[in-house]
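Novice: If you're matching them up, the sequences are chains G and U in order.
Note that the first sequence ends on residue 344 in the numbering used here; no numbers are left out.
Note that the second sequence ends on residue 240 in the numbering used here; no numbers are left out.
These aren't lab readings, by the way, just hints derived from the structure by calculation.
No residue lacks a Cβ here, since even glycine has one placed at the ideal position from N, Cα and C.
Heads up, some of the hints might be wrong.
From the derived model, a few chain U residues whose C-beta atoms are all more than 10 Å from chain G [stated by the list, open to error]:
#: 1; residue: I45
#: 2; residue: T63
#: 3; residue: I104
#: 4; residue: G153
#: 5; residue: K184
Taking lysine-lysine pairs in the PhoX-like style, the calculated list, with each CA pair at most 20 Å apart, reads [unchecked claim]:
#: 6; chain 1: U; residue 1: K157; chain 2: G; residue 2: K203
#: 7; chain 1: U; residue 1: K157; chain 2: G; residue 2: K192
#: 8; chain 1: U; residue 1: K232; chain 2: U; residue 2: K157
#: 9; chain 1: U; residue 1: K41; chain 2: G; residue 2: K200
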Amino acid sequence: MKNIILASGNESCGEGAIQSGCRFYAGYPITPQNELTEYMAKRIKEVGGTFIQAESEISSINMVFGASVTGALVMTSSSSPGISLKQEGISYCAGCELPAVIVNMMRGGPGLGNIASAQGDYFQATRGGGHGDYRTITLAPSSVQEMYGLMYDAFYLAVKYRTPVIVLGDSILAQMIEPLEIKKFKSIKIDKEWILDGCKNRKPRIIRSLLLKPDELENLNLRLQGRYREIEKKEIRFEADIKNGTQTLVVSFGTVSRICKAVVEDARKKGINAGWFRPITLWPFPRSFLRKISEKVKKIVVVEMNAGQMLEDIKISVEGRCAIEFYGRMGGNIPDEKQVLRLL
Amino acid sequence: MISWFPKSMKHNVTHYCAGCGHGIITRLICEAIDELNIREKTIGIAPIGCAVLAYNYWNFDTTEAAHGRVPAVAMGIKRVLPDRIVFGCQGDGDLAAIGLAEIIHCANRGENICIFFINNAVYGMTQGQMAPTTLIGQKTATTPDGRNPEDDGYPLKISEMLALLPAVAYIERTSVHNPQNVIKTKKAIKKAFQNQIEKKGFSLVEILSTCPSCWDKTPVESALWLQNELIKTFPLGVLK
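Next up, chain U with everything else stripped away, as it sits in the complex (with noise of 0.2 Å):
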């Protein structure tokens, strides 16, 4: 088996824990811009969360952005460079919370970007708190006997809502649960890039992901559970 290392990563050991989707997906970031040759005309943002350290794994020029900004910080970017590639990861928290009006407005506005949203129904990196995401009856720290919609609403399904706006170009969700899954979420981040690369505006894609630490199971039962359970939830498929 011949083995490769994306020119657009580093060679630095990620601080994620062990089972967790994000190391799959930042590299599935760097193989698609390796094999878009854009390297060198592209300019990520990290988000607060999980993937704060982003740009440790990332051999490109990078920035960070609070809380729920991402999609600010990157339509500033963009606006003033239009011919780089400009792209943001957020987590569930930073993008369905406290980043909501940020990521509708830039969507809204066809900004010519691409997000890339971890969804793992669970704020990781605060340690197991309910994130808009979190599922009817998941328990989590801040929801011990489960999420209860009469006092913590429903699950919110971003890229269903996003999905209905007129300037959006491309919404997808997938998920690194399986190696067909993986394979089929790197086609659609590429796809996002390209979408870019071709001027046609907003692209979105919703990554479902596993979150051993937040979800108390081993690496396996994560595996299933994101499923048998999450799946159900949040169906995968293009939206639009």
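One chain only, chain G, in its complex shape (with noise of 0.2 Å):
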């Protein structure tokens, strides 16, 4: 029998990070992501892990750094102000190799901006966040149950690569509550050939991102780089609607995307050639995709709550191949199905 609840996004994270094995959470307050931070303080205790709510952001960061050096597999969320004042510890974490789900329930920015939904942590999210030449994994879900899915993707990939993952959902994702699926997942073994857990019966480790010397910095960067190119060629994720002879191709990710299927679904029954695209991963974006795709369609909408911010990744996957034209909606208004159709 299938196990069907009714959960919230910040729910189904928090259920998703206990069924991957995530056993240290340490978290700060901030709406919209309350619930997460509410929901693993009763469940981590009920499966043997540690909840902490930390002084700060940054304590919360800096908690999930040492627990990662440990070999747990470790989690911290907030949202958009709170990523902020994460991000130095985000850099350390990639400077370090250091596994670490970061979950991100964006609201309206900049500054304290406000608590409804939006987009305007894409940049943040996909180009590093913090100092220094790193990039973290970013995953997108756009429904409460994907939303759990992608949880233990995060975490594998985070163990796989040692990186720090990215989890961007926003405020209204947060809050929607739907039906979810309580599936089980594989679990998730941490390599111990780098933990630090006392040197018994082996030379002691070090754990730093601190290299004085030019070369021994550069040939780090040059390691994470290769990294960064090996998961682009092989953990690009993303959905797609395209039927032969679309003329028109949408662009959204995460809750948008909801919008816009439903504004091309009812475009196709007037009998316009729309299509649907959603990337699943922001970082690595499928770029090869998209310009395949440019080279058949003469026109990609591309809709965010932002001012432009996965645009410009279309804009390079594209090379100038077709025409883009662009809606975005700021402050927490949600693009209107009317105008995206008019686009069309």
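Work from the hints to combine the two standalone chains into their complex.
Specialist: So, in structure tokens, the structure goes:
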């Protein structure tokens, strides 16, 4: 019998983390992801893990750093302004090659902004966010069920590539309630060859990112960049509905893609040859697929809840092969279906 | 005279300046770990600041922490591995300025870890700017006319503040400016580790140390200045 419950995106995220094997959570309350912190406070103790409400977002990411050096599956979560505070720690995790999952339920910005839904942290998530040359795998779910499954992917990829992974939701996804099927996942095993647990019967290990000699630091960077190229080759995920003869392709991510999907279905009924595309990995971005598609369609319409951030990745992918139109809303406003339809 | 070299210490030449107390403290920590026979279960955390390369001298598992975040990193390690011995070093800039929130809350939770707080009343690694612990009237790169409380506030007494917290197990302020006090510091470090072994909770040893480079003094003058001036503001002894 299927185990189906009603859950919010926040709860789905928490349960997905627990089922993936997450046993260390440190966080700090911020709307709209408080239900996730509260869920972890209750659930992680039931499975024998550690929950800590830290004194700040900065502390929580550094607690996650510490727990990660021991080889635990670790996670923190926050929303936009809090994620900005975590960026120093995320950069250290990247520099020390530590697996960690960071959930961002985005809200309106810049600054304190508001608590409504927005997608203004796309650049921050996909370009590194903190200092130095690094990338974070960025997964963008669009439903409560997908949030659950992508949490497993997030932990799996974090461990596989020893890198921080961002799960990028938003206020709508965090708060909406949908049916959720609880599925069991395979266990994720961390390679014990690099972890710190005391040097019994082996040589001591050092986990650090400080490399004062330029050649040594360049070598770390080259190793990281090599790993990022491998991720770009192997870990692209997206969803598409493109029929033969599609002339206009609508591209969006996260919750906005649900609006765009409905608009495309509506347009087709009216005889418009429209298609629909949703990147699930925002980094690595599905560039080569979009490049191929851009040779076949006349126009790509990009819809986002920001001023045009994914738009830049699409321009890089398409390289002028077809026309691109952008429609974005900010401040917590949601793209209007009629406006999207007018662009098709 | 028979000399011995701690197993917990690597045979590397340190980067510390002549007359600096860090080298002594690094070795005292290693001696204490050897004597308690905990080398193979210890994880040390190097901070930002003068002890940033401490893992080049420590012969056990080590990691780093961002500026001020040693207690948070230590807490993360200790909660996952409660039977390992976890400690961190922090300077006065690291612990008393940028990391004040982390140290207070870590202590307030009574995390079963040790922090060795090296106080030389100045930012050493960044070459001599004012620290929260800089004395009133003390000249630094950013207080060229001496620290003026009206502009810069008063020296922050971290150990006294932390000793007020109920979950704290042990706080002592020691010094390494002469052999007698080096011996007392070793005892304090060992006691902090022993507390952790016995799961007593949070222990911090504040160690007054010399910085001839940034104090613009010879090593001997530095030791005397510590004894005659620094101790007046930061008296030695067990605070909790």
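Novice: If a hint holds in the structure, say so; if it does not, say that too.
Specialist: Hint-by-hint comparison with the structure:
For U:I45, the shortest C-beta to C-beta distance to chain G comes to about 8 Å, within the 10 Å cut-off, and the non-interface label is violated. With a cut of 10 Å on Cβ distances, U:T63 falls inside the contact zone with chain G, its closest approach being about 4 Å. Listed as a non-interface residue, U:I104 fails to keep its Cβ farther than 10 Å from every Cβ of chain G; the least gap is roughly 8 Å. With 10 Å as the threshold on Cβ separation, the claim that U:G153 sits away from chain G holds: the shortest Cβ distance comes to roughly 22 Å.
Distance check for U:K184 against chain G: the nearest CB is about 28 Å away, which clears 10 Å, and the non-interface claim stands. A C-alpha spacing of about 39 Å is found between U:K157 and G:K203, which places the hinted pair above 20 Å, so the restraint is violated. Of the supplied pair hints, the one linking U:K157 and G:K192 is violated, its CA atoms being roughly 42 Å apart against a limit of 20 Å. About 12 Å separates the Cα atoms of U:K232 and U:K157, which keeps this hinted pair within 20 Å; it holds.
Only pairs whose Cα atoms come within 20 Å are accepted, and U:K41 paired with G:K200 is accepted, the gap being roughly 7 Å.
Checked against the numbered hints given earlier, this structure breaks hints 1, 2, 3, 6, 7; the rest are met.
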